[in-house]
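K.L.:
Residue numbers (full-length UniProt numbering), protein chains in the order written: chain A, 1 to 434; chain B, 1 to 287; chain C, 1 to 306.
Careful: at least some of the hints might be erroneous.
[To be verified] In silico lysine to aspartate or glutamate, DMTMM-like type, Cα no more than 25 angstroms apart, as pairs:
1. A:Lys56 <-> B:Asp55
2. B:Lys5 <-> C:Asp205
3. A:Lys426 <-> C:Asp74
4. A:Lys291 <-> B:Glu39
5. C:Lys75 <-> A:Glu414
6. A:Lys299 <-> B:Asp139
7. A:Lys226 <-> A:Glu137
8. A:Lys195 <-> C:Asp66
9. C:Lys22 <-> B:Asp139
10. A:Lys265 <-> B:Glu39
11. A:Lys327 <-> B:Asp139
12. A:Lys194 <-> C:Asp74
13. C:Lys22 <-> B:Asp187
[As the list claims (entries may be wrong)] To spell it out: a stretch of chain C is covered by chain A in this simulated footprint if at least three of its residues, at any positions, have a beta carbon under 8 angstroms from a beta carbon of chain A; those stretches are:
14. 54-62
15. 137-150
Derived from the structure by calculation, the hints contain no laboratory data. Treat the numbers as computed from the prediction; the structure is a model and nothing was measured. For glycine and all other residues, C-beta sits at the position ideal for the given N, C-alpha and C.
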Amino acid sequence: MRKRKALLTTLCVTVLASIALSACGNNNATEQLNPKSEGGRKTLTFWRAGTDAPEKAYWTRVIQEFEASHPGVKVNYSEVPFGNDMETKLNAAYASGTAPDVLSYTLASVAQRANLGQYEPLDAYADKWEGKGDMMESVLNTGMYKDKLYGIGFIPDPRVLLWRKDLFEAAGLDPEKPPANWEELAKDAELLTKKDGNTTVMAGLAIPTANAWTFWQSFVLQNGGKIIDADKNEPLFDSPESIEATNYIVDLVKKGITIPNDSTKANENLFPNGKAAIAYDSPAAYVNTQKDHPELAGKIGVSGPIERKTKATFAGMRLLFMSSQSKQKDLAFDFMQTVMSKEETWNRYKELGTPVVLNSLKEDYIKDKPDMNQAVFDAVSYGEGAAKVTYSSKMYEMISQHLEAAFYNTKTGEQAMKDAAAELRKELPNLITN
Amino acid sequence: MITRKGTTVIFSTVMLIIALLMLFPFLLMVVTSLKTMGEIQSPTFTFIPKHWLFDNYSVAMRRGDWVQYFSNSFIVTAITVVFSLVFNSMAGFAFARLRFPGRDVLFFSVLIGIMVPAQATMIPTFLMMKMFPFFGGNDWQGQGGFGFINSYTGLVLPFIAGSFGIFLCRQYFLNFPRALDEAAQIDGANVFRVFFQIYLPLSKPILATLAIFKTTATWNDYMWPLIMTNTEQMRTVQLGLTIFRSETNVEWNLLMAATTLVVLPLVLLFLAAQKYFVQGIVTTGLK
Amino acid sequence: MNSAATSKATTPKSRRRVPIDKAGYLFIAPGYLVYFAFIFIPLLVGLYYSFTNYNFYSTPAFVGFDNYVRLFHDKLFGTAVYNTFIYSLFSIFPQMALGLLLAVLLNGKLRGRLFARVSVYVPNVTSMVAVSMIWLWIYDPSLGILNRALKTFGLDPVQWLYDPSTAMAAIVIMGIWKSIGYTMIVYLSGLQSIPTSLYEAAHMDGATKIRQFFAITIPMLKPTTFFILVMSCINSFMVFEQVNILTNGGPLNKTTTIVHQIYLRGFQDFQMGYASAMAMVLFVITLLITLLNFRLGNKGNDIDVD
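Let the hints inform the model, and build the full structure from the sequences given.
P.N.:
Next comes the structure, spelled out in structure tokens:
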């Protein structure tokens with residue numbers, strides 16, 4: 001009996017202690033969050049998409065310096081993985097009115113969130129900002145939606161042509177001469193592909209089979225095609241140019257020059273895994289491959305995308321946004337300005353390898369690594385990102401799925417594009433709701 | 001007797017093979033945590049690392065504030081598990097053994113809770129946490145502050161009782177010999193004493209089971225801490241693991257090293273709890 | 001005596017009149033209040049959202065049954081429902097049967113029992129992200145571990161997750177692997193509530209082990225089996241994580257599931273009203289299956305213990 005009572009008492013004490021504990025935790029935490037802390041202290045919240053360590057170190061330094069130069073200001077930093085994780089967190093935050101003052105996020109979010117009124121238009125702030133004139137026009141345009149500036153591009157992520165010089169040499173190709181047109185690309189890719197029976201073990205050209213739209217968009221744009229008329233909500237990707245590009249990709253996939261992979265899974269990315277000889281990938285893939293495979297030093301080539309009818313490539317972009325729910329918009333823009341300064345843009349290049357977005361840094365940037373940076377800079381200047389329509393994610397989901405159907409031989413490339421466009425037209429009334 | 005020994009040996013061998021098959025992916029994780037990135041991505045696969053890189057563990061633990069992540073996870077998990085053991089077993093007992101009007105309706109309403117996916121209820125629950133009156137700077141209408149967002153309470157509260165635990169305990173208590181409480185009732189013990197002095201001491205297997213499941217679920221929860229916490233100081237181990245993957249790259253060796261360390265407490269807990277799965281507890285209680 | 005007290009109307013004649021235990025309300029109060037506030041109310045809110053065009057931000061506007069009508073014409077959702085049924089069909093029975101078998105084996109005296117228990121259970125505690133990444137290696141389409149194994153046996157490699165005919169099977173296998181430990185544990189704990197006296201009596205009557213398993217173990221485990229069946233059904237219908245990480249629903253939408261669609265439509269397209277309607281349909285499906293389970297599970301569930 002006594003033993004049982006003792007047990008009960010222990011239980012009660014544990015429960016009470018934990019209540020007390022959780023209450024304490026609660027107080028501390030909310031204090032850090034609350035923007036209206038005592039003594040004129042201000043707290044600025046900043047979230048960024050991505051969780052990698054180098055960029056975290058970069059932000060930690062920037063925030064330290066910003067706090068030092070702005071006495072009484074504390075920046076609350078938080079990081080969230082890309083993709084649906086960030087979407088979920090942002091949706092919860094906006095639904096509850098706790099969105100961050102400043103956000104570093106993707107181009108694909110511009111139309112959807114600006115249209116809902118979640119992003120603050122920045123024109124009034126940007127007009128007073130001297131740095132605006134120095135920004136590359138193509139980069140500045142990425143943040144525009146319906147003639148208003150909603151975000152400031154600062155980390156471009158263009159697709160450039162990467163190739164393995166060692167594999168070129170082994171296949172009897174000139175390691176310094178990347179393919180110059182689509183025909184050469186197809187020929188080289190086939191030559192470089194290695195198979196074990198029917199299974200491809202080395203991809204001549206890395207083509208994603210799932211979520212293939214970024215890869216596909218580069219080729220459609222190169223062929224002079226367009227994706228969508230954003231004003232009329234009219235899909236344009238069933239045009240002859242686009243179909244020709246699609247057929248080109250579908251043929252290559254059917255020849256087995258790639259290993260099936262999903263472009264949204266970093267762990268399946270063929271080139272950094274040493275499973276592809278040629279790839280359209282981001283400069284970051286080049287950096288990672290060099291880091292993980294020291295034996296490949298100097299054996300990876302970088303050049304601009306292949307020209308066909310126009311110079312074009314897919315280019316992702318990360319932008320800084322301000323929440324329309326922010327209670328300290330001036331301070332928020334102050335922070336954005338600091339990040340966009342010439343000094344910080346150069347630091348970003350030096351610390352993270354990020355391509356520069358300011359015209360005044362162009363020469364220094366190219367001089368620093370001429371063999372690679374010229375190509376990257378060009379790709380930034382004519383690259384095009386995700387279409388700026390509110391339903392872009394659903395649209396690209398449809399395109400990718402119909403492409404997949406063509407890859408798996410259930411329809412032709414032409415049929416895939418026509419079906420995707422028809423499906424989008426049919427779904428549009430459900431998708432344009434706000 | 002010889003034949004008996006023979007069957008034991010056969011069973012043991014079969015079990016060993018099954019166990020190794022089940023364990024294989026886990027072993028793969030551990031050996032990967034000891035390799036270099038170059039070896040992981042090389043076209044030729046070897047199970048045993050060429051160079052044993054124990055350094056990966058210390059490198060991984062220096063990325064991010066792991067002491068903080070672990071202590072947050074420990075606190076959140078401990079509180080959640082203690083509460084859920086008490087609340088769920090009490091409710092499960094009542095639903096299984098006590099007779100009161102509306103019992104079955106109430107029980108079924110509890111079951112409903114597991115039939116709607118968390119993805120659909122996550123945002124409403126989040127809004128409730130944010131607008132919880134009188135807490136985190138909120139007024140009585142739940143406005144003005146942050147409620148339980150970014151707090152331990154916010155991470156614990158929605159999980160301290162739930163359909164799964166109540167259902168699990170109820171099914172267990174249903175199996176108890178009724179002679180137990182009849183004997184107690186003759187002695188004149190009230191329901192509370194019956195529960196705390198007869199049922200609970202005999203429920204070690206189910207409490208161990210519930211503790212294991214609840215710990216695992218809380219420790220491994222990713223989505224809720226992701227939307228609930230906003231500062232480095234509040235992050236849990238699962239959020240900490242994201243640091244090893246970026247949009248374009250995964251640092252396999254470090255990720256696997258950190259994951260191995262994150263799984264370790266759960267394996268230890270299981271080792272401690274599994275000893276309650278020993279035949280005959282209830283029977284001993286009967287005598 | 002009736003030990004499964006779910007059906008209130010059918011009181012057996014033998015049962016004595018027992019006074020009402022008001023204390024029951026006190027016992028369920030703490031757990032039920034937490035459940036009600038943080039799970040049940042959000043569920044009702046979800047039901048409300050399913051009749052609106054909620055997008056996480058603007059004030060939701062009432063749209064009547066529009067979401068449900070749209071759902072009815074949504075081919076992708078139809079595929080998702082079909083896939084979810086396929087997944088459930090092929091994962092529930094194996095995981096229950098294997099779990100029971102392992103529990104019975106690991107309950108007896110066995111060399112290396114502890115090691116075996118831990119090995120079977122470890123998949124269940126490892127977080128899904130790490131586990132999925134390991135399985136991505138195993139299933140790798142070019143030179144994955146599984147394909148190397150096939151090659152040594154002289155078989156042709158398979159593209160597993162990238163082959164429309166094997167992708168769902170690959171997901172089911174991983175799902176079974178992950179949940180065997182879970183069913184084993186519940187069965188193990190259920191086995192502990194079977195009085196050893198029953199086995200002793202059977203042993204004295206000269207019943208074999210196999211006979212004992214069918215005559216004592218299985219009937220006595222009925223409440224446990226019922227619990228596992230209900231939970232496995234519900235869990236299989238909620239399958240999401242491995243799909244999200246392993247295949248993203250592909251190839252050719254062969255592995256997209258209901259919850260995967262809810263997640264995409266809600267959090268990717270911001271159509272939470274529509275996603276909530278999907279959640280309500282899923283709710284009705286799981287509810288019907290649970291009711292069916294209760295009906296079947298209660299038949300012949302009267303076990304005389306003492």
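K.L.:
For each hint given before, does the structure comply? Return the numbers of the non-compliant ones in rising order.
P.N.:
Violated hints (numbers, rising): 6, 8, 9 and 12; every other hint is consistent with the structure.
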